[in-house]
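Dock the two chains into a complex; use the hints.
Just so you know, the protein sequences line up as chains F and Z, in that order.
Under my numbering, the first residue of the first sequence is numbered 457, with each subsequent residue one higher.
Under my numbering, the first residue of the second sequence is numbered 6, with each subsequent residue one higher.
Take these hints with a grain of salt, some might be off.
As the list claims (entries may be wrong) - As a list, the in silico SDA-like pairs of lysine to any residue whose alpha-carbon atoms are at most 25 Å apart:
hint	chain 1	residue 1	chain 2	residue 2
1	Z	K232	Z	V208
2	F	K700	Z	G37
3	Z	K232	Z	S63
4	F	K639	Z	P112
5	F	K675	F	L504
6	F	K700	Z	A118
7	Z	K267	Z	H212
8	F	K700	Z	K232
9	F	K700	Z	D157
10	Z	K274	Z	P112
11	F	K700	Z	A223
12	Z	K267	Z	A223
13	F	K700	Z	R117
14	F	K639	F	Y520
15	F	K639	F	V651
16	F	K700	Z	R159
17	F	K639	F	A554
18	F	K700	Z	A158
19	F	K700	Z	W113
20	F	K639	Z	W113
21	F	K700	Z	P112
22	F	K700	Z	A156
Honestly, the hints are just simulated from the structure, not real lab data.
In this text, all values refer to a predicted model and were calculated from it rather than measured experimentally.
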Amino acid sequence: MTAAALWRGSGRLWAPALTFLLLGVAWQLVAAHQKSILPPLDEVAGDLWSRPQFYLANLWVTVYAALIGFLFGSALALLLAITVIHFSFLRAAVVPVALLLNVTPIVAISPALIVAFGFNAIPHVIVAAVAAFFPMLINAMSGLQAVDPQALEVFQSMAASRRDIFIRLRLPSSLPYLFSGAKLAITAAMVGAIVSEFMGTSHGIGATIVMATAYLNLKQMWAAIFVSAISTLIMVGLVGLTEKATIRW
Amino acid sequence: MDVAPQRGASAPATTRSDAICLERVHKNFRRGDSTLQALTDISLTVEQGQFVTLFGPSGCGKSTLLRIVAGLEQQSGGQVSLFGQTPAEASRYKNVSWVPQSPALLPWLTVRANVALSQFINRRADRQLPAERVPQDAQEVLAEMGLAEFADARPAQLSGGMRQRAALARGFVLGAPLMLMDEPFSALDELTRDSLGWHLLDVWERHRKTVLFVTHSAGEAVLLSDKVVVMTPRPGRIQAIIDIDLPRPRPPEIAESAAFLKLVMELKKRLRMGREAGA
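Looking at chain Z on its own, in the form it has when it is part of the complex (with noise of 0.2 Å):
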């Protein structure tokens, strides 16, 4: 149950047509009598073709914040600017690709019409095509996640590696500036989470879209980001943020190397910072 923003109107937003602002953003939950604060004053600014990691345990509220900017859920108060767009304005002309946590692929269509979904809704979007997004070949996408001859097969006849593939590259045929990922690699297992994680280094590193991306494992923030968002919980709110200096693109090796290393440990030092801190 969305609760009335307390605080009064907040600062006119800094609406940005070259950036994702958030600005003062809460969120409440009502349960009962009692409210619980979801998120409370997250402010943050996302340069456009940067990929920001939003990082922390469960509870932290970084899939509501996720689901927020989707337009999925409503905040209860402060500002939500995608390039200058509301996110309920973004999904209307399809500014924004959704990469949820399970595949979320329909059974019934063979792997390329699930990759190339999006054509097929909402297609009042692509007559007025905004120049911003540029929708791809969805054979292509395929071809870059190592699915291209499995484009006939149905989704049922795949691992479940190649599952969450075919649901990343769902999401960059749409080619929407702005990609949202809600911890999209958290049902597999680590070697199959590792392989998807250079996969997905990979096709971004081609693409350069602005990522939001939700994860609790440190060394997939540290190899994917330009940026992570550390989160705590109770009440849900940034602890810290964390720029990944590391080069780009960014070689297998890297996972290995000393400044690899201490960026992982540095954001897991945070974290507990910001648990003890809470405690």
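Extracted from the complex, chain F is given alone in its bound form (with noise of 0.2 Å):
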């Protein structure tokens, strides 16, 4: 290999790291000066260092109702979706609801489900899986609709079943739609686990969150902010893996 080569090859390694060593510099820059804007980051690493476990026991109570959320609002999404496909006439029915719940701001349903549910796990559960519903209703419902329609009429020439249909045809086609809706699903379920546990709660990392912003204490604000980015993206990466394990073709 030519030393070019070697050059971009390891470009996908060292370009993103550049440009994070830039944007860490840009960052302690802002901190040196302004310590009330940035905190710097040897502090906020120093402060994960110093007590991981109750940033760990916080991240902890975040992901499993995300985890919950984002399992149970995308099983109902790919429920619907499978109905809709075969019913045609529930489609009016059931879109503008989705839809209707897609624009309605999450923050604000909130406080309502506290009412409703009391100071426990359910609220929060409750709006990872709303956050989470919504993607994975879109792409299910593209995904078991991007049939080849030669391959189809293959089926229909021999007056292949719904049954035949749906489990050889439709639910392979859709995987690639089904694991994007995934990645966007269980991200938002993380952000709608987030934002919810700013109220109502001591626990989680949106309530790490608040309590650091009431004390102005910076660094265990970015810490947590940092914790849930790094938790978020590994389980996105996870949905990514089990999708190339999955998808080998």
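Quick look at the structure:
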């Protein structure tokens, strides 16, 4: 391999590394002059390092709510998408409600859910589920309809049943869409869980951020933000790995 | 949009159990206020074991006619009988093998599983297997198509010509007495097309199914067929039916013979006559 090729080949590694390095330097410059805007990164890291169990315990509360919400929200979305593509008259009944749900700000329904379900995990799980629902619904509906029309005709020419068509054609065709939907949905579920923790609880990453604001504890605030971003990234990555293991064509 | 038959009840169909009979088939499409006559008054008999080609320019309705025979579309009037069955009945018994324009292989299945697709869908039809349908072994048909060593590959790993051969193999594995092929080579380059034509000829001469084949290539039509139905557009109708009396099995040299070239010219002449009559 020539030096130039090596240079190009490693570009995937050093290009993002360089971007992060520049961002880090800029951050430190701001932090050095304006401590009320950004805390120095080393202090953020120090706070994380000195009490990891505090962050991990709160992270787990959030991730747990997000995962349960993601599972319920996307399962419901998938079931609904399957129903809607088989009974097209239901589409007109269902899609407007889904759209309305999507444009309703999550923060706005969070207090209502706390009133309804009390100070426990349920409101946060529901917000995460609502957030995960829509991206999964939209992707599942397009995926289940993204069937090669000529392949469909091969099935129809043999009088294939709806079941045959669904299991052997629609479902496998839709897998790439379902995984894109799952990546969006799990991200949305994390955001939903965190935002819902802004009120009505003292546990979770969202609560950690709000409490840090109250005490002007910028180290804790940014440590919590980094922890939530990195954990969301890991979950999206896990979905991506599952996708790679499933879709091998 | 389908349009109700305009002519009154057509004459009783000649339902022969040893032939494909089309009687006064017509098809109209309605677009807004205007009605487009896609097919008018198509009557045609295809004997069992014949290779018949529908040949004509685009818009002559040849694909529409094939889709009606496959039961993928409904005629506006007239009778279609496939060895005594309606297209819907024939497809219920898996008695029709449809080879589409694109290979339409399922990318997540191996080539072998794709070729054996018919064994996995509508299995009820297999429990009461009619005598006229003889399912074939997927591996054997793959070997006939020269794809034996690609059985475990995925479609994405094959060339375009190989994928189309796999699609033909899928059609033969079903073992249906009638095969319908809708311009299966039209997306391929000329050389691949030629070689695929020979492949199809070779495999067909072994299986001897009744075939309705759609093409706009005169050479392909003459090479493969016993009978060529020349169709012309606006409205789609049969211009002429030409018998191809070349010997079978057809040797490779036949494509350069005077008789072959004369037939190709004849087809092109008929097409031109149809165009002039329509203009």
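Taking the hints in turn, this is what the structure says about them:
1. K232(Z) - V208(Z): Measuring from Cα to Cα gives roughly 18 Å; hence the hint holds.
2. K700(F) - G37(Z): Judged against 25 Å, a Cα distance of about 47 Å means the pair is violated.
3. K232(Z) - S63(Z): holds, 20 Å
4. K639(F) - P112(Z): Distance ~23 Å between K639(F) and P112(Z) Cα, so the pair holds.
5. K675(F) - L504(F): Cα-Cα ~9 Å, so holds.
6. K700(F) - A118(Z): holds, 21 Å
7. K267(Z) - H212(Z): violated, 28 Å
8. K700(F) - K232(Z): Roughly 50 Å between the alpha carbons, so the hint for K700(F) and K232(Z) is violated.
9. K700(F) - D157(Z): At roughly 20 Å apart (the allowed maximum being 25 Å), D157(Z) and K700(F) satisfy the hint.
10. K274(Z) - P112(Z): violated, 42 Å
11. K700(F) - A223(Z): Distance ~46 Å between K700(F) and A223(Z) Cα, so the pair is violated.
12. K267(Z) - A223(Z): holds, 11 Å
13. K700(F) - R117(Z): holds, 23 Å
14. K639(F) - Y520(F): Satisfied, since the Cα-Cα distance of roughly 17 Å is no more than 25 Å.
15. K639(F) - V651(F): Holds - the C-alpha atoms of V651(F) and K639(F) are around 19 Å apart, at most 25 Å.
16. K700(F) - R159(Z): Cα-Cα ~16 Å, so holds.
17. K639(F) - A554(F): holds, 19 Å
18. K700(F) - A158(Z): holds, 18 Å
19. K700(F) - W113(Z): Given pair K700(F), W113(Z) holds - Cα atoms ~13 Å apart, limit 25 Å.
20. K639(F) - W113(Z): holds, 21 Å
21. K700(F) - P112(Z): Satisfied, since the Cα-Cα distance of roughly 15 Å is no more than 25 Å.
22. K700(F) - A156(Z): The hint holds at about 23 Å.
The structure does not agree with the numbered hints 2, 7, 8, 10 and 11 stated previously, though it agrees with the rest.
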